[in-house]
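For the record, the sequence lines run as chains A and B.
Going by the working numbering, the first residue of the first sequence is number 455, and it counts up by one from there.
Going by the working numbering, the first residue of the second sequence is number 78, and it counts up by one from there.
Read the hints as simulated data drawn from the structure, not as lab findings.
Glycine residues also receive a C-beta, built at the ideal position from the N, C-alpha and C atoms.
The reader is advised that the hints may include incorrect statements.
For lysine-lysine, the following DSS-like pairs were computed, each having C-alpha atoms within a straight-line distance of at most 27 Å [to be verified]:
id : chain 1 : residue 1 : chain 2 : residue 2
1  : B       : 349       : A       : 632
2  : B       : 214       : B       : 248
3  : A       : 632       : B       : 111
4  : A       : 632       : A       : 575
5  : B       : 161       : B       : 248
6  : B       : 298       : B       : 349
7  : B       : 349       : B       : 111
8  : A       : 575       : A       : 585
9  : A       : 497       : A       : 519
10 : B       : 298       : B       : 248
11 : A       : 728       : A       : 632
12 : A       : 728       : A       : 648
13 : B       : 214       : B       : 201
14 : B       : 224       : A       : 632
15 : B       : 298       : B       : 123
16 : B       : 161       : A       : 648
17 : A       : 575       : A       : 648
18 : B       : 224       : A       : 728
19 : B       : 224       : A       : 648
20 : B       : 224       : B       : 201
21 : B       : 211       : B       : 248
22 : B       : 211       : B       : 224
23 : B       : 111       : A       : 648
24 : A       : 648       : B       : 201
25 : A       : 648       : B       : 349
26 : B       : 224       : B       : 214
27 : B       : 123       : B       : 248
Quick list of simulated restraints, FRET-style, between CB atoms [stated by the list, open to error]:
id : chain 1 : residue 1 : chain 2 : residue 2 : range
28 : B       : 307       : A       : 562       : 45 to 53 Å
29 : B       : 197       : A       : 539       : 50 to 58 Å
30 : A       : 585       : B       : 307       : 42 to 50 Å
31 : A       : 550       : B       : 223       : 33 to 41 Å
32 : A       : 531       : B       : 223       : 55 to 63 Å
33 : A       : 684       : B       : 223       : 49 to 57 Å
34 : B       : 134       : A       : 550       : 53 to 61 Å
35 : B       : 228       : A       : 469       : 48 to 56 Å
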Amino acid sequence: MFTSLNARALAVSFCIFVAFLLAWHLATQAAVPVQKMDPEYAKLMGLTATKGTSAMPGPLDVAAKIWEHLKSPFYDRGPNDKGIGIQLAYSIARVMAGYLIAVMVALPLGFLIGMSPMMSKALDPFIQIMKPVSPLAWMPLALYTIKDSSISSIFVIFICSVWPMLINTAFGVASVRKEWINVARTLEVRPLRKAFTIILPAAAPTIFTGMRISIGIAWLVIVAAEMLVGGTGIGYFVWNEWNNLSISNVIVSILVIGVVGMILDQILAFFARKVTYPE
Amino acid sequence: MMQVSETLSSIQHDERFISIEGIARHYPAPDGGKTTIFENVWFSVKRGEFCCVIGHSGCGKTTVLNMLAGLELPDEGVNIVDGKAIEGPSLDRAVIFQSHALLPWRTVLGNVAYAVASRWPSWKREAINDHARKYIKLVGLSGSELKRPSELSGGMKQRVGIARALSIEPKMMLMDEPFSALDALTRGSLQDEVRRICLDTGQSTFMITHDVDEAIYLADKIVLMTNGPGAMVAEIVDNPLPRNRDRINLHKLPDYYAVRNHLIDFLVTGSKVFRDNIPAGYDPRRPPLVRPAAPTPASPSDRKAA
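Okay, chain A solo, but in the shape it has when bound (with noise of 0.2 Å):
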């Protein structure tokens, strides 16, 4: 008990991912017997049988491929060879676009919902319908109507992330303490003003809550939305590489798009530890 609970996890961690490291090192280092085969044949099976190396990446390749990367993230060298830098500029782009349409939508319409029974009641059917549809099932539907590949993908991440805003928007505003209200009524206060300071403060958490939900969601379809609808994004370089047997490159994405998600749940999370209240 010399050191502290973090310190002691931080270990754990780093030896976690030291075991883990090691043993991708080793597991992709063991070498197959190489094939008697014919030579053009073999030209078509890979390394794995001319060599006798494992295809799959060793943490050094991809530690190699990372640095290349970060060498220069944002060269542009055609349609089909541009710096991560630049694919995942476009995919936080669409991302932030169709997010913010989602939050002009989510918030207000769900205030509403919140403030009045009888529009919660009227627009629940649309809701339970429409919110477990997988976002992708838009998609047809968004590129025959916009024509535009990429303003479909930031409508299928406006569909997928306007739900849970607007529902915990709605239980936020409808679970604001009746005794909070009354004291805004004691005070007469003008409803537009007791919506900015007894409600929107009251229902914060809850709202926000419901926007780190939506980010994720947002940024977990984005990937898949650009796997489809192509050209740029760092879902399209994902499956580009793919398309390359470029794995190195897919692992880095992997681990790209994994740190650009946290980073984002956390720009969210510290949002709703500014709004949250203690009580």
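Got chain A sorted already, so can you dock chain B onto it with the hints?
Just chain B now, kept in the frame of chain A:
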């Protein structure tokens, strides 16, 4: 002539500053009929008077208070304050909630300033904060202005609630068991504060309580409500104790046990049986006014009974 009638009406307003006239609350019963929580409730409170209501849970005390606050409207009858019927909440009537109902995302100053800004929307921020600080000082919380409610003890939270209510300079204060969630020591000191503030400011106050001693110490007039459903005002007790009473010596005052026994007797038995044997001549419009007094000379057996 004009002068005379105005003076007359102002005297009437002072005598019946709050006038509760035949109010009732019904709820739909499961069998399709209606359950009456209370009905035909009549009483009045003078300007500057401290009025307590005691009665068991379920007799509708809180509903009466909410109706005076304008948060609920009576199913029958009307409540009149200062000559005007209550149609909704008003800044003229401040409510001190049982659960203090502070806004947890605002500081102490922020909570009081919110009420001040609601009362005088045209005031500058400086003026609002100065006014709020004045009332925070009045309840003895200077130095805690920037704390949040979660950092305060129960008694301090209730002080903020009192400061918030007083800061809007209301015509009357409504208190719903304001001290019931506090420990005995804190409760005592807050009762002292409230009594001092009410005497100093001449505030008209309507308070609900379960605590007989609290009612005797604070109230000029104690309204006794019978058990619900179908609750009614059994009688109104005029507190015979001198106005300069203090909490420490309260139980040494000659009439103290007479009032206390009267109230306890009512809560233990009277509140239950009153409805079944209503005394002859009982008029719900004018509930009997009782002024318990010690029998003179006080016999030793009375003392023992207390």
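These are the hints, each one checked on the structure:
At roughly 32 Å between alpha-carbon atoms, residue 349 of chain B and residue 632 of chain A are farther apart than 27 Å, so this suggested pair is violated. Annotation: proposed proximity of residue 214 of chain B to residue 248 of chain B holds, straight-line Cα distance about 21 Å (limit 27 Å). A hinted pair counts as satisfied when its Cα atoms are at most 27 Å apart, and residue 632 of chain A with residue 111 of chain B qualifies at roughly 26 Å. For the hint pairing residue 632 of chain A with residue 575 of chain A, the CA-to-CA distance comes to about 20 Å; that is within 27 Å, so the pair holds.
Simply put, residue 161 of chain B and residue 248 of chain B have alpha-carbon atoms about 12 Å apart, close enough for the 27 Å limit, and the pair holds. About 21 Å separates the Cα atoms of residue 298 of chain B and residue 349 of chain B, which keeps this hinted pair within 27 Å; it holds. With a C-alpha separation of about 21 Å, the suggested pairing of residue 349 of chain B with residue 111 of chain B holds against the 27 Å cut-off. Pair hint residue 575 of chain A plus residue 585 of chain A holds up; C-alpha atoms about 16 Å apart against a cutoff of 27 Å.
Between the alpha carbons of residue 497 of chain A and residue 519 of chain A the distance comes to roughly 24 Å, so the proposed pair stays at or under 27 Å and holds. For the hint pairing residue 298 of chain B with residue 248 of chain B, the CA-to-CA distance comes to about 18 Å; that is within 27 Å, so the pair holds. The hinted pair formed by residue 728 of chain A and residue 632 of chain A meets the criterion: a straight-line CA distance of about 23 Å does not exceed 27 Å. Between residue 728 of chain A and residue 648 of chain A the alpha-carbon distance is near 21 Å, which keeps this suggested pair within the 27 Å criterion.
Among the hinted pairs, residue 214 of chain B with residue 201 of chain B is consistent with the structure: their alpha-carbon atoms are about 20 Å apart, no more than 27 Å. A distance of roughly 23 Å separates the Cα atoms of residue 224 of chain B and residue 632 of chain A; the hinted pair therefore holds under the 27 Å criterion. A hinted pair counts as satisfied when its Cα atoms are at most 27 Å apart, and residue 298 of chain B with residue 123 of chain B qualifies at roughly 10 Å. As the CA atoms of residue 161 of chain B and residue 648 of chain A are separated by approximately 26 Å, the hinted pair is consistent with the 27 Å bound.
Taking the CA atoms of residue 575 of chain A and residue 648 of chain A, the gap is about 23 Å. The hint holds against a cut of 27 Å. For a cut-off of 27 Å, the pair hint linking residue 224 of chain B to residue 728 of chain A stands: about 16 Å separates their Cα positions. About 23 Å separates the Cα atoms of residue 224 of chain B and residue 648 of chain A, which keeps this hinted pair within 27 Å; it holds. Restraint check: the Cα-Cα separation between residue 224 of chain B and residue 201 of chain B comes to about 22 Å, which is no more than 27 Å; the hinted pair holds.
Between residue 211 of chain B and residue 248 of chain B, the direct Cα distance comes to roughly 18 Å. Compliance with the 27 Å bound is thereby established for this hinted pair. Annotation: proposed proximity of residue 211 of chain B to residue 224 of chain B holds, straight-line Cα distance about 16 Å (limit 27 Å). Among the hinted pairs, residue 111 of chain B with residue 648 of chain A is inconsistent with the structure: their alpha-carbon atoms are about 35 Å apart, more than 27 Å. Restraint check for residue 648 of chain A and residue 201 of chain B: the C-alpha separation of about 20 Å stays at or below 27 Å, so the hint holds.
Distance restraint check for residue 648 of chain A and residue 349 of chain B: the Cα-Cα separation of roughly 43 Å exceeds the 27 Å cut-off, and the hinted pair is therefore not satisfied. This hinted pair checks out: residue 224 of chain B and residue 214 of chain B have alpha carbons roughly 14 Å apart, not beyond 27 Å. Proximity of residue 123 of chain B to residue 248 of chain B is assessed by CA-CA distance (about 12 Å); at most 27 Å being required, the pair is judged to hold. At roughly 47 Å, the beta carbons of residue 307 of chain B and residue 562 of chain A sit within the given window of 45 to 53 Å.
Distance hint check for residue 197 of chain B and residue 539 of chain A: the Cβ-Cβ separation is about 55 Å, which falls inside the suggested range of 50 to 58 Å. Under the hint 42 to 50 Å, the C-beta atoms of residue 585 of chain A and residue 307 of chain B, about 48 Å apart, fit the expected range. Taking 33 to 41 Å as the suggested C-beta distance range, the pair residue 550 of chain A and residue 223 of chain B conforms, at roughly 36 Å. Judged by the Cβ atoms, the range 55 to 63 Å given for residue 531 of chain A and residue 223 of chain B holds: they are separated by roughly 58 Å.
At roughly 56 Å, the beta-carbon separation of residue 684 of chain A and residue 223 of chain B lies within the given 49 to 57 Å, and the hint holds. Residue 134 of chain B and residue 550 of chain A have their C-beta atoms about 55 Å apart, which keeps the hinted 53 to 61 Å range intact. At about 41 Å, the beta-carbon gap between residue 228 of chain B and residue 469 of chain A misses the expected band of 48 to 56 Å.
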